[in-house]
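Visitor: Sequence:
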Amino acid sequence: MTAQPRPLSRQRWLIPVLVVVISLTVGVGLLARDLYLRPEAEPTEPLVSDSPTSVPPGAQPGSRAVEVTPDVFAHPHYQSVRQVLQGYFDSINDRDYLKWTSVVSRERAKTKTSSEWKKDYQSTQDGSILVYRIEPGAPSTLRVLVAFTSTQDVDDAPVYLPEGCIRWRLVLPLRLESGSWRVDTTDGGTNPEHERC
-6 MTAQPRPLSR QRWLIPVLVV VISLTVGVGL LARDLYLRPE AEPTEPLVSD SPTSVPPGAQ
54 PGSRAVEVTP DVFAHPHYQS VRQVLQGYFD SINDRDYLKW TSVVSRERAK TKTSSEWKKD
114 YQSTQDGSIL VYRIEPGAPS TLRVLVAFTS TQDVDDAPVY LPEGCIRWRL VLPLRLESGS
174 WRVDTTDGGT NPEHERC
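Note that our numbering gives residue 43 to position 50 of the sequence shown, counting from 1, and the numbers run on in steps of one.
To be clear, the hints were calculated from the coordinates, so they are not data collected in a lab.
Hints may be right or wrong, so weigh each one.
In silico DSSO-like cross-links for lysine-lysine, where the CA-CA straight-line distance does not exceed 27 Å [what the hints assert, rightly or not]:
no. : residue 1 : residue 2
1   : 105       : 92
2   : 92        : 103
3   : 92        : 111
4   : 92        : 112
The structure presented is a predicted model; accordingly, all values stated were derived computationally and were not measured.
When you get a sec, could you build the whole thing from the sequences and use the hints?
Guide: Here it is as structure tokens:
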């Protein structure tokens, strides 16, 4: 009796079958990845503008939304700066002293009692807010160039510009405090640009 060699037919079809199975597995995996890959959430559309929007005199002070220039939109601190400034202006517009103290530094919060603050802003409405620039300051600080329009009773306007509508352009200092940016006290020597609307 002679030993018969194993048939080669089994080995011949094993390799092609493995190639087909592996190819199908890779193909199905790639298809499943494409089908089940969730698209990234669309970011909310920021309000980006090159200049303040023109608002008719009867509609002053304009929108309460903080807008930014394309330069600011590209800044790494854009979102946190816009958020703190939105809270700052909303607190003034809503006469919300507690909210104001949550978006300003501890040092700035000490400068006004609730009654002083409410008296200072009793008729103020701010709008047409545009952030032009964000620049680094001393460690843990930023300097933010912002323009906005305020309307108020003439009696509540600054003594040096007793007008019912004022366009402001100033640098607001921000300080990193307790892990978030806060509007800080201004230098005594800074004079904001201002003009009658």
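Visitor: Sort out which numbered hints this structure fails and list those numbers smallest first.
Guide: none
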